[in-house]
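Just need the whole structure built from these sequences, with the hints factored in.
Residue numbers (my numbering), protein chains in the order written: chain C, 1 to 223; chain S, 1 to 461.
Bear in mind the hints are in silico, worked out from the structure with no lab data behind them.
From a predicted model like this one, the values you see are computed outputs, not experimental measurements.
Wrong hints could be hidden among the right ones.
As the list claims (entries may be wrong) - Selected chain C positions facing chain S (Cβ under 10 Å, derived; list incomplete):
hint: 1; residue: R63
hint: 2; residue: Q68
hint: 3; residue: D183
hint: 4; residue: P184
hint: 5; residue: V188
hint: 6; residue: D190
hint: 7; residue: V191
Stated by the list, open to error - Computed list of lysine to aspartate or glutamate pairs in EDC-like fashion (alpha-carbon distance at most 20 Å, straight line):
hint: 8; chain 1: C; residue 1: K150; chain 2: S; residue 2: E332
hint: 9; chain 1: C; residue 1: K132; chain 2: C; residue 2: E158
hint: 10; chain 1: C; residue 1: K150; chain 2: S; residue 2: E322
Glycine included, every Cβ here is placed at the ideal spot set by N, Cα and C.
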Amino acid sequence: MIEDDSAAADFLRKGLSGFGYDVDIAHDGEQGLSKARDNLYDLWMIDVMLPKLDGLSVLRTLRDEGRQTPALILSACGQVDDRVEGLRAGGDDYIVKPYAFAELQARIEALMRRARNVETLPETMLEVADLKVDLIKRSVTRDGQELFLKPREFRLLEYLMRNAEQVVTRTMLLENVWDLYFDPQTNVVDVHVSRLRFKIDKYFDTPLLHTVRGAGYVLRADS
Amino acid sequence: MFFARIAELSATTPVRLTLGFLSLFTLGSLLVFGYLNHQLSAALRGQVDAMLRDQQSIFALQQQEHGISGVYRLIENDLEQKGNGVRAYRILDRSGKVLLEAGSPSLPELTFKPRIQEVRLVPEAEDAAVERARVLGFKLPGEVTVFVGVGMQQSAELQAGLWRAFVESEVLIILLGLVVGYWLAKRFRGQVEAFNQLTMKIVNAGDLSSRMPVKGNDEFAVLAANMNAMLGRIEKLVQGMRQVGDNIAHDIRTPLTRLRADVEVALQDGDPETCRASLERVLDEVECMHTIVNSLLALGQAEAGGMRLKSKAVDLSALLAELGELYGPSAEDNELELESHVAADLAVHGDKQLLAQAFSNLLDNAIKYVPAGGRVLLSAVRKGKQVEIVVEDNGPGIPAEMREKIFERFTRIDPSRTLAGSGLGLALVKAFVELNQGRVRIGESTLGGAAFHITLPAISA
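This is the structure in structure tokens:
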């Protein structure tokens, strides 16, 4: 993690170590760049505004050197174009300060999982317990029974399945399923999720789609 | 006292201008006078010279008819006649003996030159003024040499008179200029002083309600009017900021109070379930404040022009269809009918995410404020060079007197602020639409409620 605010960095280190992550902290761009070059990390978290060398330059340099470690950009600005710029510099995801810790954790897990799956072939079949999604036939079955989903519900389910066992936040859903990058003032996303839940869980004994209060949702086999 | 005042005034612009102008004027008129004087003396000399040559021919004629005695008579006549000015004559015979010496003052020693020369006459008395004269020497038949001198006193007097007139009028003009300059400076100083007093009053007392009186239509009046307009704008901005500050305090205090209560409950009650419920509510309150702060930041950036737009072609039809689809289930859950009438192939040039947020805020509002059983209509059509997007409903509508104010920060129709909301949604709509070169206004919907019309410049899809 390259973060110049040492209080924020300590808080994040403590919070993340509670989930089994080992966090190394650099306090400025130059230090971060040399640490990232000298060590093998699973993930880089890079603040945009940094002393000595800004975060996007650090990331661009690392990418130009051919390093492929997934990178999560932390930014205090939060305008859409900053996001675009961050992703163009080689970021894999972007989160705006101040963020909820749950949001950060969800995004970190999604990035790590994506990195682990890079090697595998593109999936055509997604499975969580007895829920199966066929991406080619675009069909969904649970316990052998076919479920009929609207196109958007299908995309929502696909995203949840790809990130099964992990918390995904409302913002992540809005970004990945609708391609919208803001917080709606009403519970629009929740309404879509509850409709999906109605279709996949209502008539079956074990619920798969769970709400994580204060964070988002998780699709999981055991409750 | 008076001199101190003069010294003070002499630092003012009009005095400096007056002095500068007066010096320039004096220099210029001196040059003109010099030129005139030069021309005048040349003309006077020319006149005298012409007269001298006339004398030469008259004398020659007289001698031819009456001999040298005729010439003597002629000289006698000339000298007797008053008004001819000073004349002096000398006639010499072949050997250089003086035959006649006439006129007073008389000619000095002269050598014969066949042209006109300028000489000093010999004064009658020691202390008399020396007069200059032009002298022509010529020969008459019989080897007689004649010198005729004409005094230049008259022309000198003329020139002196001219100089006097010039100096007198110059002094008069300079005096007049100084008086007018002093008066202008006083007037100018008075007007500038009024501006200074007003600005110092504002600087010292922070009183933005004062205004400059506007008199006449000179540049001071224009300056005063502009300054008043500027003060009006500043006053409005400051009032707005004060209002916003109060509102922020109010809107942040409410969730803070609830937050505090939740934390206190959690601390008093050891039961883990209660603690957990309290903490979850705390999270909601924090989320609510977070939204307010984010919205304020976005508004600030949008209004100060600090937001860098990534504008490109936006498929508006697709975006509105997506939003309609996003909000459909939510409307249904609130027992609202959300209809979408979006024309095909509408496109605008703008920032998709900002536009999406603007439309989404309007849809959020409709869902929040339209009672169950109501209708919400999202429509978009092309109107000439514009695309018009309308979000309308059959809800309670917005009272006519609120329609201008509703786009300001923290304006809520419901003064008790019972429904959740930051009062920033519509301010964001306006800011984001305007950032995309669009306009937003409120009208009445044919459905019976409010209608928000957004127009954006269209591009061909």
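> Taking 10 Å as the limit, does the beta-carbon of R63 of chain C come near enough to a beta-carbon in chain S?
Replying inline: violated (21 Å)
>> Tell me if the straight-line CA distance from K132 of chain C to E158 of chain C falls inside 20 Å.
In response: holds (10 Å)
> Against chain S, is D190 of chain C within 10 Å by beta-carbon distance?
Replying inline: holds (8 Å)
> Quick one, are K150 of chain C and E322 of chain S close enough, alpha carbons at most 20 Å?
Replying inline: With Cα atoms ~13 Å apart, K150 of chain C and E322 of chain S stay inside 20 Å; holds.
> Can the restraint linking K150 of chain C and E332 of chain S be considered satisfied, given a maximum Cα separation of 20 Å?
Replying inline: OK: K150 of chain C and E332 of chain S at ~16 Å, within 20 Å.
> Does the interface hint hold: is V188 of chain C within less than 10 Å of chain S, judged Cβ to Cβ?
Replying inline: holds (5 Å)
>> Let's test the interface hint: is any C-beta of chain S closer than 10 Å to that of P184 of chain C?
In response: holds (5 Å)
> Holds or violated: D183 of chain C as interface residue toward chain S, Cβ cutoff 10 Å?
Replying inline: OK, holds: D183 of chain C within 10 Å of chain S, min 7 Å.
> At a threshold of 10 Å, is the proposed contact between Q68 of chain C and chain S supported by beta-carbon distances?
Replying inline: violated (27 Å)
> Does the CB of V191 of chain C sit less than 10 Å away from some CB of chain S?
Replying inline: holds (4 Å)
When each numbered hint is compared with the structure, violations occur for hints 1 and 2.
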